[in-house]
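Protein sequences, first through last, are from chains R and G. Numbering-wise, the first sequence is residues 1 to 380 according to our numbering. Numbering-wise, the second sequence is residues 1 to 291 according to our numbering.
No wet-lab data here; the hints were simulated from the structure. Glycine included, C-beta positions come from ideal geometry on N, C-alpha and C. Possibly wrong hints are sitting among the right ones.
[To be verified] To give a feel for the contact side, a few chain R residues facing chain G, derived at Cβ under 10 Å:
(1) Lys82
(2) Thr86
(3) Asn90
(4) Asn93
(5) Thr177
(6) Glu204
(7) Gly205
(8) Thr207
(9) Thr210
(10) Lys212
(11) Lys222
(12) Asp243
(13) Gln244
(14) Glu269
(15) Glu272
[As the list claims (entries may be wrong)] Just a sample of chain R residues kept apart from chain G, beta carbon distances all over 10 Å, derived:
(16) Glu75
(17) Leu166
(18) Ala191
(19) Glu194
(20) Gly197
(21) Val201
(22) Tyr206
(23) Leu240
(24) Lys282
(25) Asp284
(26) Pro285
(27) Glu302
(28) Lys359
(29) Gly378
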Amino acid sequence: MRGKKYVALFILVALVLGAFAGCSGGDTEAETVKIGLIAPTTGQVAVYGQAVQNAVEMAVEERNAAGGILGKQIELISYDNKGDATETVNAFNRLVDNDGIDAFIGAVISSTSLTIAPLAVEAGIPMITPTGTNLEITPIGDNIFRACFIDPYQGKVIGQFAFNELKAQKAAVMFNTADDYSVGLKDAFVAAFEAAGGEIVAVEGYTGGTDKDFKALLTNVKAEAPDVLFLPDYYNTVGLIADQAKEVGVDATLVGADGWDGVLGVSPESVEGGYFANHYAKDDPDEFVQSFISEYTEKYGEAPNALAALGYDGAEIMFAAIESAGSTDKAAIIEAMGNTSIDGVTGHIVFDADGNPEKSISIITIEDGKDVLYGKFGAK
Amino acid sequence: MQFIQQLINGIHVGSIYALIALGYTMVYGIVKLINFAHGDIMMLGAYVGFFAIGLWGLPFPLALLVSMVFCAFLGVVIERIAYKPLRNAPRISALITAIGMSLLLENIALVLFGPDPRKMPPVISKEAINLGGVQISYLTIVTLVLAVGFMILLELFIKKTRTGKAMRAVSQDKAASTLMGIDVNRIISVTFAIGSALGALGGVLYAVAYPQIEPYMGMMPGLKAFVAAVLGGIGSIPGAMIGGFIMGIVESLTKGYISSQWSDAVVFGILILVLLVKPSGLLGKNTREKV
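Model the full structure from these sequences, guided by the hints.
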């Protein structure tokens, strides 16, 4: 009896293996170009994920309507990761093992992009994160690119801006110790502000996500009477801190980074008069920018945020690279991406040796509950 | 001056912990059960408060009432469905059911409301009054007045009313109370109703202070309120209040003077220390009657 069981088990295993072999063996010419996308369309940073998802879908539809790439239609396969590392890994494995993607766009936020990058290197898949600004992402492999500028660059520009343009002498920083994005920006800002000649009077760390009470830290900040308070975090937390800053009576000018995009939907009153760096400004007079905005607005009923602009650019970079590679051969796509030179919504994009784009930063100020372009800056 | 400010910050969040801690301590006092779903009742209370204010446009006091009534009802239902059948089972079974109930409520909220945080409208002004350099916001004052007010009401209810007396009797000896003609089931329901209503109050006040309502928002405050109840001596009502305020103040002072990353470690460290030195909690021994 026992022997029979083993035989049955053996047959079963053989059948299963055979089935898999059949899958990989039947590797005929694919009819579509498969592009994978992972974005947090629900959860804490859903505003970002939805924007990127919408923009990439729009880019794919446009491209397909114009005939696709290499004469084939683009098939977009996208999964939601809720901004969570475990879900991200599962989704990526599904894209590679089951869906057999040719190229990958995502993940949206820095931490989950960092999670995926080593997996993408292992699989040899060309990857572009539209919006992951953390320094460490692209050096992980030659196949990793991004459409946005990096945190050290952004933090440096903001630090210089606070000293030179806002004439701030004393600055305070509150940052999320549990988030790579926040820590990276803090370091760059502190270095740039001090190098410019300013004084950092307070650096307070908190644990984002679980910690919602910032009044104790803000009380310390208030005691130092800084001219500016730098808040390198995402819009939900920035909203909470800004609200409580008002409650405690902090009157410093609030300054932030691209994570602020979306804060107007959370706490418009509390961030009034603040400044933040961003990838593009909606009131930029540039023609290409305006046509993107009107098309997106018509399709989704709301103006695109910076994440949408980057998502669109990320997709366009990928399409252009596949087109110029002339095939869906992964190594060829990767090489073509390194030589990218296209005009995107967020500026003219060329990559440096690490796969980071070189472009200018828009500084936006919040006036009467609206984002207003203050000026475009580059690091000196 | 900065110290006083930090103290006020601590009292604000501490009064919310105290309100939630009352629910843990009352239920424990009566049925010797740690109701781990209490933090999630608080979360649902915050959601109901949010819908009442944000969607139905009710004024704040009425929204508070709706939320409290809803959670009182919910608390009773949970007790009937999940805890009553296990009343004579080993205590570990009841504890596991409570944890299960907590996860169930979180996931129901996740399905019903989604994972995106909602923002509580600013119903109480966060403008601050300046008293000689110390900032006290209207929100802090309203929170404190409501919390202390309801705690006094609860104290009076337990000391003066017939039901309150019956609750004290049941907490001392369930069997003897039954013999004396007390409807124990009714008293347990009343206990759950009051505890859950206070949890809802805490939840709405928490959501107004930190305006992000999401399915997991009850976890941390719930845990801290539980610790507050143990710290004060679980089963003791004044103990829960004192424990709540201590937790809030220690947390704020740690954040202010040591480091934000240490605040939770210090808070839970104090709990361990108290339990080592005085296992019954701060007020555990003094009160013979536990409600």
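Ascending list of hint numbers which this structure does not respect: 2, 3, 4, 15, 22 and 23
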